[in-house]
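Q: The chain contents come next:
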Amino acid sequence: MSFAQIMEFLRPMLSIGWLPAAVACSAAVAGLVADMFDAEKTGVAIVAGGLAIAALVSFGAAIIPVSASTTLITTTFGLVMTGGAFAGLACIVYLTAFLSCGTGLFSLRAGSRASAAALIGAGAAAGQVLLGASDILVLFIALELLALIAYALVASGGNDRSDEAAARYFVQGSVATGLAVLGVAVLVGLSAGASGYVELGTSLASMVPGAALLGGMLLVSALAFKLGAFPFHSWVPDAYETAPAGTAAFLAASVKAAAIGGFTLLLVRLMTIPAFLPLVMAVRIIAAASIVFGNLAALKQTSVGRMLGYSAIAQVGYVLVGAGVSPISTESVAAVFLFAATYAMGAATAFVALEFFATGEPTWDGSIGGLAGIASKHPAVSGALTVALLSMTGIPLTAGFWGKFFVFYGAAQNGLLWLVITGLVGSAISFAYYGRVIRSMYIDVSATGNEVAAEQGSDVAPRVRAWPSLIGAAVVLFAGIAPLIWGLSLVYALFAFR
Amino acid sequence: MTILVLCALIFGVGMYTVLTRREIIAILAGVELMLGSANVLFIALASFSGADPGVAGAIGLVILVVAAAEAAVGLALVVTLSRRSKRSSIDELTEVNG
Amino acid sequence: MTLEILAFALAALLMLGGAAVVALTKDLMRLVVGLGAFLLGVAGMFLYYGHAFLATAQVFVYVGGVLVLVVFAVMVVHRANGGRPLVTSQHDIGAAAVAFGVSGMLVMSLRESVGGWLPESGTSGSSIAQELLGGHLVAFELLGVLLLVALVAVLLIVGPGERR
Amino acid sequence: MTLLGLILLPLVGAAVAWIVGRSRPTAPRFVAIVTSVAVFGLAIAALVQVLQSGDHALSATTKGMLLVLDGLSLPLVLLTGLLGVVAVTASWAMTDRPGVHHALLLALEAAVMTVFLAGDLILFYVGWEAVLIPMFFLIGGWGHENRRHAALKFFLYTFVGSVLMLAGLIVVMMTVKSTVIGAPTTAIDLATQSWLFWLVAIGMLVKIPVFPLHTWLPDAHVEAPTAGSIMLAGVLLKMGGYGLMRVAIPYAPAGFAAASPVLGAFGSAGIIYGALMAFAQVDLKRLVAYSSVAHMGFVVLGIATGTALGYAAAMLAMVSHGLVSALLFLLVGSLYERTHTREIARFGGLGARTPRWGGLFVFAALASLGLPGLSGFPGELLAMIQGFGAFGWWMVFAAIGALLGAVYNLSAVRRVVHGERAPEWDALADITRSDTIAAIVLCVGIVVIGVVPGLVLRLTDPAVTLLVRALGGGS
Amino acid sequence: MSLFASNPWLAVAVPFVVAVVIAMLGRKAAGATQWIAVLAPLTAGLVGVAGLQGSVTPVSAPWLAQGSASIDVGVTVDGLSAIMLVVVGVVATMVVVFSVGYMAHDESKARYFSLLALFTAAMSLLVMSTSLVTLFVGWELVGACSYLLIGFWYRKPSAASAAVKAFLTTRVGDVGMLLGLALLWKSTGSLDIAAITAAAPGLAAGTATLAALLLFMGAAGKSAQFPLHIWLPDAMEGPTPVSALIHAATMVAAGVFLIARMWPLFEVSETARAVVLWIGVFTAIFAATIACVQSDIKKVLAYSTISQLGFMFAALGAGAWGAAMFHLVTHAAFKALLFLGSGSVIHGTGTQDIRQMGGLARRMPVTTVTWVVGVAALAGIPPLAGFFSKDAVLAGVFHAAPAAGVVLLGASLLTAFYAFRVTRVAFFGESRAENPAHESPLSMTGPLVALALLALVLGFLGGAILHALGLEAEGLETAVAGASVLVAVLGIGAGMVLYAAEFARADALRVRFQQLHDFVLTGWGFDALVQRVIVGPASTIAGWVYRVIDRAVIDGGVEGIGMGTRFLGKVASGLQSGETDVYASLVAVGFIVLMGIVLWAGR
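Residue numbers (my numbering), protein chains in the order written: chain Z, 1 to 498; chain A, 1 to 98; chain Y, 1 to 164; chain P, 1 to 475; chain F, 1 to 603.
For the record, the hints were derived by calculation from the structure and aren't laboratory data.
Where hints are given, some of them may not hold.
What the hints assert, rightly or not - Partial pick of chain F residues on the chain Z-facing surface, computed with a CB cut under 7 Å:
{"no.": "1", "residue": "R566"}
{"no.": "2", "residue": "G569"}
{"no.": "3", "residue": "A572"}
{"no.": "4", "residue": "T580"}
{"no.": "5", "residue": "Y583"}
{"no.": "6", "residue": "L586"}
{"no.": "7", "residue": "G590"}
{"no.": "8", "residue": "F591"}
{"no.": "9", "residue": "L594"}
{"no.": "10", "residue": "I597"}
{"no.": "11", "residue": "V598"}
{"no.": "12", "residue": "A601"}
Where a beta carbon is used, it is the ideal one built from N, C-alpha and C, also for glycine.
Here chain Z stands alone, though its shape is the one from the complex (with noise of 0.2 Å):
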């Protein structure tokens, strides 16, 4: 059975679109069953295969050879766009959640681990959903949804710190939720109820220039807040150092990789009116602010969780780079997409390896000073870090570099060279704080020096799993070399608008 034929035999279910968001929609209900009967690790367990199906699942929809008769994106109810570049980006945010559970969630207070996994699941789907949404409605819900989601998982840290950082990132999401609504109600009020993309542009032309802009930015500004782009940052680095390291790889990966997604077609829905042609400088500015506040604001920090949440706003900055090209084509998203589903791919990486070492070094304070010499306490897992880390600074040979080649190559071709050195220069300082991790790890003796603490290391690892971020690592180092092997057009298969 050659793998064509499988695929044969695949076709009919892969094209059902929500397949996947069933799947794990479903394995969360059943996760939070299995909390009801205190079996919390099977709990996690459940909710971890489902979203590795709904991965599996979305893999094969994106990479099917879709038969020229049907139509090349598959919509579900008319709102929700999936298969192709969709279901690729599907695809990730599957996998990092799945990466995120597959840590068991240990570093969570017991008890708890279980619906916090149903979060992370029923946030998975519910982020697919974001990133196809073609309904402003549909848009405005899986938001707030994925918003309560965050709350509580940044909340889920059970201590006073978690708890502060949750309500903080509550009392500014509630603000951008009141932005979002009053959005919604300016567009789809103003335009009879119609809230479709494809009903909304006929409105949105006939509507008055001045009104349709607000609600545009009303939206736009609440999807930037959930990317954390420069204004509208301030939750991530308290939202990141203090959620627990797993649940922190959700927030990181797979919630940012679908609100790329559904900035990018509210982007296109919305530059397709000429009364918001200017949108793109403002998303030019945002994003070279994001680039700069980020990198700089990251040097400073020594809690790693934090650094990488300062990092996560440049890297929103570099992804707002490839969308702020004028006439946005197939390509400038295909390139977003790909640079959302390596940076998703990256961060997932570095915050499981992260939860590994929470919980496999309980004397670690979360600081890169702590991780000195792990290394070599813990080789499998820094090597998976360090290529995370490399991969997120855009080095070759990891993802990280491909898409941040494509992303900036689009912003050249559009004329935005100021914007590209900007976006490589900043990159290239990133490394001053990645590498000082990789350096403390590798190049730093611990404190407590090395060969003592070889040997206890290894009655703790039964409990904790190493297996999550070795996936996540692979992956980027295989997405990162496989161009180089079977040619670049094998690095757009995954995001082809076919």
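Since the structure of chain Z is already known, use the hints to place chains A, Y, P and F on it.
A: Showing chains A, Y, P and F alone in chain Z's frame:
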């Protein structure tokens, strides 16, 4: 036109409450103000632009439910904050920074 | 005709009064009452626009549910430090400018697209169900997931409490 | 397929060395020596193939990669192969995590080979960046007190430079619409060329390093282990010069023509500055590091003349500097392993105590000051007389630089090898056998190229004439 | 002989192979190897003789070729190089033979003889090259060998620094020469000597003068002319045979050879010749005065060499390059004789200070006789070789610039005076040495006798030498000859009288002019000046530039940028102060700003 000014005004008051109140419960109330006024604005605009009442109602209901869910989670946060670390005003919430 | 205007004015007054109380009062209990008044005003507004179902939903969900929750939260929070629960706020011009800046922008940009001063009352008719289960099925399903997630989230935030 | 082998073989070797190293600490060096010798053999096989092939170039493509080996890259590939072997022999007695050390060395060699063999711009950049990672770990892992700072400074400094180069390469790929390296079919318009050349060249100038952009080199060298220094000085610096000739100049000839006086000036300034700094050093390894800045000044000067002989001078100077600096670092490293200090003041009269090491060091110093008959001279002579043709009396500085070269080299010999024997080193052992073999190999190379530079020039002739004709430059 | 005629490159290859062989054999077979070393100069000499018969075929090949341009290298033996080869061959053979005895008890003999052979190879390459490039290669290799030989006893710190001083000072000259090469390459498009000399007349006057002067700078460095002469006296730290070979006969003569070889270039530019003339004259008189007060026998000879080279450059400057070459040949013979003589004296008495010698005539008869012959030749007493060559030089200089001629006469007077002063103090009068001196063995006295015979015979071969150079031999100028003989006799008299009977008169004279004496003793204070002005501050300047420019400015700048960004990072992260209301207002302000941008950009 009056409904527009009214809703906009109340939205502003809600935002003002969120930005200036020290206690989180009061901030929650401010959030409710914002979301409620936005919902009313939607219904008004929908009826003005001749939307089918069913659709407007459905979307209105969606906004209402989302706002309610948000309030519930907000309250949960408030309760945990006061229970676990005896803090309810945002001036005490400055431990995580830098 | 005047009856409708009267009803509209009453609802508007309720909303505005409630909002003002929430923004300015020092006493937490009076704040809660203000919030209740505002929510009732919103329900009245829905009624005015002919969305009976929505009004009832508003009353039940908000005035019944959320308000009670708020009172409960107030009890929990202030049980600890006793005395009349006081509420302080740091009035500063900057925040006012920002807040009313947004509303000003709102008014300025929507001015043309919204007609005359007189509010028109909407026609009634409750075909919400067809809509929710027809064109907006996805929204309905997502709403269900959202509510489930809200429930789980609250449980997670509050924490497992004393295990059985 | 030999080209692909040149990249994959060291990678495989690295993996094997790393795996073997975890179990038996003595095994990886044998794996490393076998792999590096095999790679060098493959390089010679490639040389034979190129000589036999009609158009003096060899190319191999996989779906993703295009590898090209022609006159410009051949000498450097051979140099990399040779220095790979020398680096492994130099770290023969390495006891501190030998497995990882040799693995990193071989990985470094593979990355450098990718740069020299890259046929398309993306692969060129991938190789260019990939070099930083093993070097970072080599400097960090086996350095001395200041290794943490030096490793990060090295990585960041060259990374910012190469990121700007990437911006330039993106603009090139965009305007020329193809990523294959070579003179562009549709020439880029002159206006962009003027700044494009600098944008592309900045990454390379940092790597060479050209005079003001050199401060990362001494720190990196002082901290790098002997084998790391040999590869860093011997091969990594050449990527800059090679990059200029292979990528920067063909794509922006007009930009290069406008920039060549500035390049020439910085090149000559580098010669004097490097020599002056070397003379002022108290740390022997830092002295050799600054000597690299001086020697590479000749390379930049040669390239800046923009003539066939100028490029030939650059190639000769690069190959010669590769051999000479490798020999110097080998000797300084072996001395450090036995005395655990690099302070020149504490040395003295080592010629008497360690005659073999002393003799080799004097030979290396003479080669480093560009004594005729040794490899340094042809390159430097050509660079200067061509430089005179292009820049006239500015060459006085380059000539004075050559004089200063003699000053610091001979003063180093006087303070270390000659003079009274410091009592401290009475029981000092002479250079080890493995290091001697490696040193002898390098010395033979230095003399051969010094006496018969035609060997290198015959290889580079076709490629250089092609390059010059493409640019319409002078003879 | 035909073997050498057909392949002249043997003169370079054989010595090189000999050097490698001796080095390879190393300490073990030092005894045997030293005799192989003789082969090297012999081959050079034989090739020279073959060259004299004029039947040598030039050999050349491209050395640096790229694209359309190429620089060729090659070797040939014409009249000029044949003479030089013979001189090198003869003197080197004598030195090697002498060294066998002199270095008998030195344990690193192998290194000594291999370096000597290498030197011969380099000298032959220099002399026979057809292209300026190979000439420059030989030029620098000769400098390197002199560096290695001066610093032969490298354990002595003074020898080590003298070696470095020698190499660097000659290298300063080479800077000029390199620029000269570059200028010639640019203006004539080739570096072949034949091509350049052919194109010389066609060159613009300025370029020709400049090129000539630059080449002269190299020559002045190598031949220790003022101001680049400071290294030669210190070079005496090396073994005496080395001084005899390199610092008397061969290497230092390379400068004269270079100008002779590139004569057409000098012929064209008047000013260049004038510079050469006056530098030569000044050096002659300057060095002569210093030689008069030296107490170290080798230093006297060193300054004497500088002075005699001054004579040769004066002749060149005056246009009589034939006379210069003739004087070069004779000077090579008798100066090598004197150096080897001093070697034998040092070997015998164990000291170099003439004040501790005295009365050696009785103990070392052969050395004394040969020494006297040499000294007489140096002073220019007929019929010895010195007289004829110096006369030719003086004649040439008088023709061109009579004033210069008079100064040279003065210099000849001083030459005669210091020559016989040393002889009187060292060889006659009472013996002041503690342990009695002993005569050197035959292997050392043999070469002395041979060279003495040469000093006698060479005078008459003047015509043959000039003929070999392609010039016709003029007769003797009676007036000039008479004057020079008179001056010589006067000098000798003064020397003998002043230093008779325990130097009473000399000491009295010195006490009266003590200050002048000390000033002249230190080489007119020039050496100290160079030390204070150039060498001393060099390391402080380098240190200063390193600390200030490299560390503070450039590296400081780079580290500064690093710290700057880190500080900006602190500022940026300051924004995250933790106040919730700031965070919330940021969202609202963000929206307003965004809206503003879009409206402003859209207007």
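Q: Does the CB of V598(F) sit less than 7 Å away from some CB of chain Z?
A: holds, 5 Å
Q: With 7 Å as the cut and Cβ atoms as the points, is L586(F) at the interface with chain Z?
A: holds, 6 Å
Q: Please check whether L594(F) passes as an interface residue: C-beta within 7 Å of a C-beta belonging to chain Z.
A: holds, 5 Å
Q: Holds or violated: the hint that Y583(F) contacts chain Z, with Cβ atoms closer than 7 Å.
A: Constraint on Y583(F) satisfied, holds at 4 Å.
Q: Quick check on T580(F) please, does its C-beta sit within 7 Å of some C-beta on chain Z?
A: T580(F) check passes; min Cβ-Cβ to chain Z is 5 Å, inside 7 Å.
Q: Any CB of chain Z closer than 7 Å to the CB of A601(F)?
A: With a closest approach of 3 Å, the A601(F) hint holds.
Q: Under the criterion of a CB-CB separation shorter than 7 Å, is R566(F) in contact with chain Z as hinted?
A: With Cβ-Cβ at 5 Å, under 7 Å, it holds.
Q: Return the status of the interface hint for G569(F): holds when the least beta-carbon distance to chain Z is below 7 Å, violated otherwise.
A: holds, 3 Å
Q: So, as I understand it, the hint says G590(F) touches chain Z; can you test that by seeing if any CB pair is closer than 7 Å?
A: This hint holds: G590(F) lies near chain Z, its Cβ roughly 3 Å from the closest one there, short of 7 Å.
Q: Does A572(F) meet its interface restraint, that is, does its C-beta lie within less than 7 Å of any C-beta in chain Z?
A: Hint on A572(F): holds, closest Cβ of chain Z at ~4 Å, below 7 Å.
Q: Against chain Z, is I597(F) within 7 Å by beta-carbon distance?
A: holds, 5 Å
Q: Is the interface hint for F591(F) satisfied, with its Cβ closer than 7 Å to some Cβ of chain Z?
A: This hint holds: F591(F) lies near chain Z, its Cβ roughly 4 Å from the closest one there, short of 7 Å.
Hint violations for this structure: none, all hints satisfied.
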